[in-house]
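Read left to right, the sequence shown gives residues 1 to 204 (the numbering used here).
Note that these hints are calculated values from the structure, not bench results.
The C-beta atom is built at its ideal place from N, Cα and C for all residues, glycine as well.
Check each hint, because a few of them may be wrong.
Unchecked claim - DEER-style ranges, computed between Cβ atoms:
id: 1; residue 1: Met200; residue 2: Ala97; range: 40 to 46 Å
id: 2; residue 1: Ala47; residue 2: Met200; range: 37 to 43 Å
id: 3; residue 1: Leu199; residue 2: Glu100; range: 41 to 47 Å
id: 4; residue 1: Glu82; residue 2: Pro186; range: 22 to 28 Å
id: 5; residue 1: Ser150; residue 2: Asp45; range: 17 to 23 Å
id: 6; residue 1: Asp9; residue 2: Glu100; range: 37 to 43 Å
id: 7; residue 1: Ile110; residue 2: Met155; range: 27 to 33 Å
id: 8; residue 1: Glu187; residue 2: Pro39; range: 39 to 45 Å
id: 9; residue 1: Phe6; residue 2: Pro136; range: 22 to 28 Å
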Amino acid sequence: MELDPFQADALRELGNIGAAHAATSLSQMLMSPIEMTVPEVQAVDIADMHNYIGNEIAAIVVFQIQGEVADGGYIVVSMPRETIVRLTNQMLGTTDADREINEMDQSAAIEIGNIMISAFLDATAELLEIIMLPSPPALAIDMAHAAFESIIAQMAGDVNDILIFNTELTSEAPPIYGSIYMLPKPELMQQLFTMLEDLMTPLT
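Make a model of the complete structure from these sequences and hints.
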């Protein structure tokens with residue numbers, strides 16, 4: 001689907017509100033100031049997803065969207081190896097940045113993904129005055145493209161479009177990047193756009 005300028009602005013605002021909540025939660029966990037922004041939002045046809053996902057090794061943390069949006073789809077946070085290793089080092093005060101992802105990094109990825117997505121959905125739900133909750137997380141360490149193919153296969157054609165919130169995290173170190181992918185079922189996609197339009201109309 002093509003986002004019109006209004007939809008793109010609304011989703012970017014939604015993403016930045018969610019990112020700000022996620023950054024606050026991460027800052028508390030890492031005991032270090034973190035800023036998180038969503039400079040870009042894209043809506044991508046699921047058939048074209050391969051054009052937007054690389055083949056780098058990444059930590060993929062997957063949640064189902066629950067709450068007042070019954071069986072609403074999935075939300076996924078993808079963190080390249082460099083990102084998760086750097087965040088783990090920051091959590092533990094270690095400095096080995098060249099290692100492969102290990103069990104310590106996997107535990108950190110689940111915790112960081114859980115905090116980010118819980119805060120993101122909390123902010124979204126608060127803004128739209130609905131209840132949105134994440135399921136317990138599932139973790140995959142794989143090439144990002146292969147991991148998403150597996151997720152998409154499980155959805156059996158229930159999702160048409162993917163919303164990509166490209167995120168930038170800035171802390172004491174240089175910026176680190178990741179993405180939040182929302183795979184909403186068509187009913188949830190329509191619900192989100194309707195609520196955002198109702199929310200933003202009085203402001204225009």
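Structure versus earlier hints - violations, ascending order
2, 4, 7, 8 and 9
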